[in-house]
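Asks: From first to last, the protein sequence lines stand for chains A and B.
Reading the first sequence from the start, the letters are residues 2 to 264 in my numbering.
Reading the second sequence from the start, the letters are residues 144 to 410 in my numbering.
Derived by calculation from the structure, the hints in this document are not laboratory data.
Please note that a few of the clues may not be correct.
[Said to hold, decoys possible] Covered stretches of chain A (in silico footprint by chain B; criterion: 3 or more residues with CB under 8 Å from a CB of chain B, positions within the stretch not fixed):
{"hint": "1", "region": "28–34"}
{"hint": "2", "region": "56–67"}
{"hint": "3", "region": "112–118"}
{"hint": "4", "region": "122–136"}
{"hint": "5", "region": "168–181"}
{"hint": "6", "region": "197–203"}
[As the list claims (entries may be wrong)] Restraint ranges, calculated between C-beta atoms of paired labels, are given here:
{"hint": "7", "chain 1": "B", "residue 1": "L278", "chain 2": "A", "residue 2": "V182", "range": "46 to 52 Å"}
{"hint": "8", "chain 1": "A", "residue 1": "R160", "chain 2": "B", "residue 2": "L373", "range": "34 to 40 Å"}
{"hint": "9", "chain 1": "B", "residue 1": "H271", "chain 2": "A", "residue 2": "L17", "range": "20 to 26 Å"}
{"hint": "10", "chain 1": "A", "residue 1": "R178", "chain 2": "B", "residue 2": "H184", "range": "54 to 60 Å"}
{"hint": "11", "chain 1": "A", "residue 1": "R93", "chain 2": "B", "residue 2": "A317", "range": "44 to 50 Å"}
Quick caveat, the model's predicted, so the values are computed rather than measured.
Even for Gly, the Cβ is constructed at its ideal location relative to N, Cα and C.
In case you want the letters, here they are:
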Amino acid sequence: MRRAPTWWLQLAVTLLTAAFLIVPAIQSILAGLTVNYFQGLSSGLTLKWIGRVWDLYSDSIFLSLWLAVTCLAVTLVIGVPAAYALARNPGRLSRMLEEFISLPLAVPGLALALALLQLYGTMSGFRTSWTFILAGHVLYTLPFMVRSVLAVLMAMDFRSLEESAATLGASAPTRFRTIIVPSALPGILAGSLTVVTLSIGEFNLTWMLHTPYLKTLPVGLADSYASMRLEVASAYTLVFFVMIVPLLMAMQWATARAQRIAR
Amino acid sequence: MSSRTFVACCLLPLAAFTLAFLALPLVRLVQASSESETGWHIYLQILQTPRYLETLLNTVLVSLAVSLAALAISTIAGVFLARNRFPGRGLLLSILTLPLAFPGVVVGFMIILLGGRQGLFNQLLPGHVVFAYSLTGLFLGYLYFSIPRVLLTVMAAVEKLNPSLEEAARTLGASPLRIVLDVILPGLAPSLVAAGAIAFATAMGAFGTAFTLATNIDVLPMVIYTEFTLSANIAMASALSVLLGLVTWLLLLAARSFTGTTVAAGG
Chain A
2 MRRAPTWWLQ LAVTLLTAAF LIVPAIQSIL AGLTVNYFQG LSSGLTLKWI
52 GRVWDLYSDS IFLSLWLAVT CLAVTLVIGV PAAYALARNP GRLSRMLEEF
102 ISLPLAVPGL ALALALLQLY GTMSGFRTSW TFILAGHVLY TLPFMVRSVL
152 AVLMAMDFRS LEESAATLGA SAPTRFRTII VPSALPGILA GSLTVVTLSI
202 GEFNLTWMLH TPYLKTLPVG LADSYASMRL EVASAYTLVF FVMIVPLLMA
252 MQWATARAQR IAR
Chain B
144 MSSRTFVACC LLPLAAFTLA FLALPLVRLV QASSESETGW HIYLQILQTP
194 RYLETLLNTV LVSLAVSLAA LAISTIAGVF LARNRFPGRG LLLSILTLPL
244 AFPGVVVGFM IILLGGRQGL FNQLLPGHVV FAYSLTGLFL GYLYFSIPRV
294 LLTVMAAVEK LNPSLEEAAR TLGASPLRIV LDVILPGLAP SLVAAGAIAF
344 ATAMGAFGTA FTLATNIDVL PMVIYTEFTL SANIAMASAL SVLLGLVTWL
394 LLLAARSFTG TTVAAGG
């Protein structure tokens, strides 16, 4: 079939855009693995830079993983019951509350960080501990968990399930544990993957909240971009890609699945 | 335990966390903005100081340019990818949505790899083609993280368009251009407005990219950062943050009334 010229034009724009996005990512992967980026690939491949990153920044990688796991735990404990409560009472008040907790999606992280710093900055025990960064991460990721679970719950008839269980004598906590949580699992899974992905990549809040002894992965990245040679910065970025890309793909898969179920 | 009490208990952790880490800090932020000798007139002072005004103008102009460019590019690519099936389409789609998980700092580094002193363009082209640290670099960086967000919104909207309208227009003899202008674009309009607003708000608040590129162009988040850390002008940093937060929040609120979706802010 002969294609119209506009078809080729559209293809060209799409390919150029993809190139704009992927070429620097490939460059960074190559630069992280070449002996000398300035001389090019002919200087040979090496894992030396990855090793250097490990020596310099492994703490930041572990801190980010730890923050992501604890952030997930906190958003699960706060977010899943809250989504259930919001689904049980759909009304103006619930919508306003949902709107309010979603503020961190709209208000830039820098502004939120300044707000947190000014309220808690003088509590030095809290200010200098990792839980201060955790509070920021939970603040930013919580709306994703709540909305993801809420969307799945709103799409199903959990009330009649609950009523049948209640007639059979199940108490409210039992119903939550045996009916609500299992039914909301697709939403919980999608929300969890989103929380972990966003927490590992969070920079705007974390940069303001971190201390010199508590650097997360993205904070370490900013540090390496400013002060390390290009190969080390690239190798570090490569490590970040290896962590974040599978998470992103799992997140997209789980979110699409939850949306299919919620429809 | 009665059902009502249990549901109330379910909401308790959220209420406590939100009060302690969102409501009270925001109140404190607004309060802190009034704690210089100018008091609440500090908001007037923003509008009277050329440096802040210029920053505001810069930020709005860059964000506007990025939103329009991202809309144009993503609409072309989005309509194309939604309407055509060909080998490699899945891969293209993955590449185009990959930057969704990149923090602003990484996006900044990507632009340095393209247009920095050791960048691709400076290596390929003789002479000094360094654009990463200029307005161009900032624009490209913001474009980098805006394209995936806008693209996803556009593609979701294209799937919902009714193909029989285009079919009808074609049978009635409309040219492809006319179909785009009279059928496809009006159908996409609400989503395009919403996606544009999201891109604009994200660009307005983007900090990581500007921070990595360390440009000499003053954009609002960078000025807030320097006022806070270097000048220790806490009241002004707070006032500018309140202003920025209000603008992005109102924009996204307006966008949502169009379609009902928001994509995470970042950059």
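Asks: Now look at each hint and say whether the structure bears it out.
Replies: Consistency of the hints with the structure:
1. 28–34: holds (count 3)
2. 56–67: violated (count 0)
3. 112–118: holds (count 5)
4. 122–136: Result for this restraint: violated, n = 1.
5. 168–181: Answer holds; 4 residues pass the 8 Å Cβ test.
6. 197–203: holds (count 4)
7. B/L278 with A/V182: 46 to 52 Å: Holds, since B/L278 and A/V182 (Cβ atoms, about 51 Å apart) stay within the stated range.
8. A/R160 with B/L373: 34 to 40 Å: 56 Å, violated
9. B/H271 with A/L17: 20 to 26 Å: The hint (20 to 26 Å, Cβ to Cβ) holds, given that B/H271 and A/L17 are roughly 24 Å apart.
10. A/R178 with B/H184: 54 to 60 Å: This hint holds: roughly 56 Å between Cβ atoms.
11. A/R93 with B/A317: 44 to 50 Å: 45 Å, holds
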